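Chains as they are written, first to last, in the working numbering: chain A, 86 to 757; chain B, 86 to 757.
The set of hints was computed from the structure by calculation and includes no laboratory data.
Keep in mind the model is a prediction, meaning the values are calculated, not measured.
Which copy is meant is left open, because identical chains are indistinguishable; a pair holds if it fits in one copy or across any two.
Cut-off 25 Å, straight-line C-alpha distance, at most; resulting in silico cross-link-like pairs (SDA-like, lysine to any residue): (1) K578 x S88; (2) K578 x Q140; (3) K624 x P119; (4) K599 x E97; (5) K668 x Q329; (6) K278 x P332; (7) K278 x R534; (8) K599 x S184; (9) K414 x F608; (10) K548 x F354; (11) K220 x D353; (12) K663 x P119; (13) K418 x P573; (14) K98 x R595; (15) K579 x L717; (16) K352 x A489; (17) K324 x D353; (18) K720 x L650; (19) K128 x E652; (20) K514 x H226; (21) K136 x S88; (22) K352 x G323; (23) K172 x A628; (24) K98 x D623; (25) K422 x S405; (26) K514 x M86; (27) K579 x Q140; (28) K646 x S88.
These are the residues of each chain, in order.
Number of protein chains: 2
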Amino acid sequence: MVSQRSLTIDTEKTTKTTYVLGTELTVNLNRCAPPLAKFFSIKCTPNVHYKVTPQARGKNAVPYPLTRSSVLIITMDTVSETANDSKLSVRYYGEKTDSLGDALLHLTAVEISLDVDADRDGVVEKNNPNKGSWKWGPKGHGAVLLVNCDSEAAYKKTLDSETDEISKISDLKDMSKMILRTNGPAELPDGYKLTMHISQTTSENMRVFRPRTNAKIDNSFRHQLLKLFLKDYMMVVGKGTLTQEVPYLGGKTELEFFVEGLRFPDKDFNGLITINLSLIEPSSMGFPESPVFTDQVVFHISPWIMTPNTLKPVEVYVCSTKDNYTFLKSIRKLVDKCGYKLKICHEYMNRGDRWMQDELEFGYIDSPHHQFPVVLDSPRDGDLQDFPYESILGPDFGYVTRYASNEEVTSLDSFGNLEVSPPVTVNGKSYPLGRIIIGVAFPTATHGRNMTQVVQDFLWAQKVQEPIALFSDWLVVGHVDEFMTFVPAPDQKKFRLLLASPDAAYKVFRSLEKGGHGDAKMFPDMPEAITVNEILDDKKLLAGNRYVQNCIDWNRDVLKKELGLDEEDIIDLPILFKVIEEKTGPRAVAYYPDMVNMIVLGDQLGIPKPFGPKVNGTCVLETEVCALLEPLGLKCTFIDDFAPYHKLLGEVHCGSNVRREPSPFRWWNMEL
Amino acid sequence: MVSQRSLTIDTEKTTKTTYVLGTELTVNLNRCAPPLAKFFSIKCTPNVHYKVTPQARGKNAVPYPLTRSSVLIITMDTVSETANDSKLSVRYYGEKTDSLGDALLHLTAVEISLDVDADRDGVVEKNNPNKGSWKWGPKGHGAVLLVNCDSEAAYKKTLDSETDEISKISDLKDMSKMILRTNGPAELPDGYKLTMHISQTTSENMRVFRPRTNAKIDNSFRHQLLKLFLKDYMMVVGKGTLTQEVPYLGGKTELEFFVEGLRFPDKDFNGLITINLSLIEPSSMGFPESPVFTDQVVFHISPWIMTPNTLKPVEVYVCSTKDNYTFLKSIRKLVDKCGYKLKICHEYMNRGDRWMQDELEFGYIDSPHHQFPVVLDSPRDGDLQDFPYESILGPDFGYVTRYASNEEVTSLDSFGNLEVSPPVTVNGKSYPLGRIIIGVAFPTATHGRNMTQVVQDFLWAQKVQEPIALFSDWLVVGHVDEFMTFVPAPDQKKFRLLLASPDAAYKVFRSLEKGGHGDAKMFPDMPEAITVNEILDDKKLLAGNRYVQNCIDWNRDVLKKELGLDEEDIIDLPILFKVIEEKTGPRAVAYYPDMVNMIVLGDQLGIPKPFGPKVNGTCVLETEVCALLEPLGLKCTFIDDFAPYHKLLGEVHCGSNVRREPSPFRWWNMEL
Ligand SMILES: [Ca+2]
Ligand SMILES: [Ca+2]
Ligand SMILES: [Ca+2]
Ligand SMILES: [Ca+2]
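Same shape as in the complex, but just chain A:
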């Protein structure tokens, strides 16, 4: 809809105003008319166009009859070369042709457009008609903003979003470019000015910067200049400054702004940002000025996005501890074979905390012009707590965390309890970035452990990977990665869900017994050694595993429903648990190394070595797992994590973390 502005004209005094191309000026002719006026006629310079409503009945009805609702609508199609160079006059008549007075209007036409990359192609186009609103989907529109949550400084780090000034020129690329395009006379008429303004709420979520220099300079020179004068960026609007004048440069010019996101979407913030630019008209005699034209642009802040196991790995993170040398060697060998990068967190930093999976989760943020990884720091805060901020945050590596307020942080706040599925389609609804998976207590439980509300709120507010809450409180440690993972597959949905299954394990052990291998030993040549027969005879173990299978099956049903999976999409891995009597009731831990707690690096799987019974010198559990996974083109490497991880109630996945490439799917193309 064309933007209209009401204007009053006057037979006593010439009215001067500034007109913005693409708008309409409307004059209520009757309200401005001298007493007894019955007709009017109009004259104007050639660049001024007008129309009169309601249309006069006679075709050449000049002068026009003046009615109560006579409205003059004025437009112009070229900008002015000097102030007030365009004119229009209305002559009023009484019953006869004698003039009752002329109302004169002097006009200055300018072009003003606050521009963003509303079509999301990485280029700030000119005056996109959809720039003022947000629409999801490939046919959608609306610009994208990143939270500037990395740190350009590698030493004495602070989040760039918490720094008052732009510290380095490189920081500009984390911001979205916004251009004010103007065209008009060398100067605006006296007293007119341009102002950028935002709401109080918006000021808490973003800032706008611009170079202090107003001079038009070519890009390479400007670039050098800016390198010299880093502090030559000023905040235009942001916290404490809701409105500020911006310069009008004259002629046909472009003024560049840099928009910086400060906060991720959350329970109380839907991620949308509006920025306004107004042309302010002065008022005479000390009255306040007023906006006569406002242009508006909308941004959506990029959500924090997780990466499923099916995406290509970039880096693998593990801790080095006093006792994990062999484990580390195995991991290094596997990672080297795959050609990825291994990052080791050393003892001075991890202080013995080896649970690399639990302290942090890797994700990323994405915009048409830029993307970078962002680590989500868990409120778990073990001895690894400084690692995400101290060692990961840096240039183009962002950081975000949430603090639990008035809430107990439990083991369920560790991010082994935060995973994400590969892309799925569920009943026709598509989740091209997959769905986040967390573990909580049964919804019917009265005293269960849960993931803290602040983290849950954060995850739900990102919207593009709608979370699924599973039941993981049945485990002592309580993480979803203790009973499930996803591996890539060439067919069907391009992945399989792997679930731990005591039933499947009992089937293996019973087959062994039936095949005459009841004396074969689990944990062979280890102090824990125990025969297949002894395991099968343990009624308590069986009862516990029935309970565990029930718990996992409950999650299986939820996953089938929420991810739209068929039975063919699920593989049961033979894993036994044992139930421990805790103060708050019985909870489960893996009986032997929990093979589902694996690291997935493309088609290479690093699986906890189960130390199962051997037949003909081969571990039957390894054989069974290979038989299940190798047909999918996956390669299984069994890694001994027994002493440094399994005995401490974790495995390979708990002790590692993988940063992966972002999805090729862009989040704004989701249909929400």
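Given chain A's structure and the hints, the job is docking chain B with the ligands onto it.
Leaving out everything else, chain B with the ligands in the frame of chain A:
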């Protein structure tokens, strides 16, 4: 989608479970099979149905071949008469026809449905397939909840939502009925139970009650019984109780619940509520129980809805003060003529604060089963501050307020600055309940006054009357009702927007002068008397009114755009302002009684008497206004508010308030 549950069966032990009609039990046959099993066959009692996937290739392939993904799907279509009265068995075979074992399953079938009025017809239907989600619109679905914000007690009042117990039987009608319908054997099998459960967040926004008695009693008897035992309602779920068992009554029974809303939608609450009911299965040997079936219902809390001037009045509220006897008499006469009720707030309560419009705004909440008015108490808190709570809150009259935190409350927080338009359609988008209108500072202003953020957040969060922010800070008092109102009209959009217009006023005065009445006196026979010529000669007055017309025109443009109005929908009333130099700059007040600040009672308008110049004994301002409004079928009564209101910077509208009938349009039918 049919709800599926994974079940494990066992050749060593009979499995017993409870089945809920309408679901499917799935058994992974391979995982449960004894070693070496290659085929299986199935037998069952007549009320049990099954299917096997993947389907065996041969048509009569019994026994079925056992594959890695063989799944048995079990359904039943009638409820059990006794526990475990239905049976199914799976027999496994090896290569030959010798049995390897039978897995037995004993089933108890029950019907469970948590029911609400999801189709919004006032009746709780049975198992609506859409009860678990919310959809706006006439073809939408999802139940509706009221905030129980009235007070059943007329003395020693507290909001019912803040009372721990249900104090009166009448309170039940403010709640939404929810019915648990069950059908099955007299008792559930051992250890099974039903549990209602909600999330932590939901527990802050609603509660569920039920009668303590479980006996099935006929309605009239129950009614009497309840009258005697008011305390015989217990909270089932709510704050501090996220989950609680509910009784299973046996046979075909209905258990009634009452759902009470506690909080209006707000910035951090979208108004949606989910309630779950689960069937809990016991686990053997001291393991925790688990939900095996969950039914879910969704409610949307009714927004607070304002009533435009075009709705039928019910009651008119005014204050009685020492000095407003004549005014009160005029109002009473007008209200009596219209046949509405007049409510007078007496001096002991108003303590001299006469601004009835400003302390409160009337609205209502609505559901298919019940609706009642709700007063929004302003954070203004003048001497009238106790009136809304003390005098208005009561049985079936709700109360809601918002407290400004860390924010200065200004004159713009008075509810003369909160109005609502009649229904409009804007660019094809329909607002059948109209749009809320508030006044703030220019968005470009650096030091303006605004309505407090908490109230703005509340208004925006109601969603069904999307607010429009006008510019009202140019006025000393700063209320939108100082320059605009809506009146009903028989044609066009069924209403007109009336705007104060200095231009229109000057036209009237100039016509007087031209007609030889320059000596006629404004404020005739009053100490303030001044001639038309003197007014027209006052250059300062003229300049101020030019500024005022600019300010009003800015709002006119916003209203045209946001309400989709044409010039023909707007009427300019001849009103002059004068500009006063305040510390923070110049601001305007009405020069003579501000006729747009009227009370609208159907086709009867109570308009501030302007005391304009007289021609032939008639006030030309009254004549002009009548000429503008009477053609619409409106009747103008001019009320003298000069001394007790106008001189204190308010008029008729500021000094009154009207409670109106709710709109016939139901809010859930909006397309949002
Ligand atoms: Ca940065
Ligand atoms: Ca994780
Ligand atoms: Ca009540
Ligand atoms: Ca009001």
